[in-house]
Amino acid sequence: GAGVSQSPRYKVAKRGQDVALRCDPISGHVSLFWYQQALGQGPEFLTYFQNEAQLDKSGLPSDRFFAERPEGSVSTLKIQRTQQEDSAVYLCASSLRGSGYTFGSGTRLTVV
Amino acid sequence: DAKTTQPPSMDCAEGRAANLPCNHSTISGNEYVYWYRQIHSQGPQYIIHGLKNNETNEMASLIITEDRKSSTLILPHATLRDTAVYYCIVRPGEGQKVTFGTGTKLQVIP
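Protein chains in written order, with the numbering used here: chain X, 1 to 112; chain C, 1 to 110.
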């Protein structure tokens with residue numbers, strides 16, 4: 001597609017529920033990043049993939065957060081047993097090697 | 001920790017040039033300076049990037065000091081649609097995580 005697509009656009013989850021957030025990067029983009037953005041803050045790095053390999057997951061806040069990109073294209077960020085502090089916008093970005101990032105519009109997660 | 005420092009907010013009159021500063025005093029020789037902006041409820045949008053030479057595209061100009069320790073993003077004729085948060089980031093090598101700060105909230109005033 002023309003851009004990075006994320007779904008759903010909005011998600012409301014009850015505390016303790018598991019959620020899965022999807023990212024469709026631009027076709028052919030090798031690098032894929034997930035960021036978390038709290039209200040009024042800049043995006044915070046979560047994890048990075050190069051093709052299907054997860055090369056950096058140092059930003060994942062807890063073992064409840066899990067990301068995968070099994071075929072090197074679509075990626076899923078899964079959050080288990082959601083907590084209120086998980087409420088944020090989750091951004092996905094992709095890039096070609098050495099180029100700038102293209103971000104999706106994000107998924108706004110609200111945990112109630 | 002963010003490798004850049006930006007003022008938290010700025011105002012600019014519509015039609016005037018907006019000059020957004022950024023300090024990146026610890027930048028390494030092979031690190032690029034990238035600028036993004038984020039309009040409410042959207043993901044960050046790429047604006048421009050540079051290594052050591054000044055750059056210009058259809059959106060903006062980027063002026064990087066000779067010592068590369070700071071840069072300025074210039075929007076030559078600001079419009080109301082340029083109201084956004086502007087992020088200056090230093091991009092490390094391929095695959096290394098990029099750290100965003102809190103950016104500069106630019107308000108363009110009619």
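FYI, nobody ran anything at the bench for these hints, they're computed from the structure. Ideal Cβ positions, reconstructed from N, Cα and C, are used throughout, including at glycine. Please note: incorrect hints may appear among the correct ones.
To be verified - These stretches of chain X come out as covered by chain C in the derived footprint (C-beta under 8 Å, 3 or more residues):
#, stretch
1, 44-51
2, 54-68
3, 104-112
When the hints from earlier in the document are held up against this structure, which numbers fail?
Going through the list in order, the structure violates no hint and respects every one.
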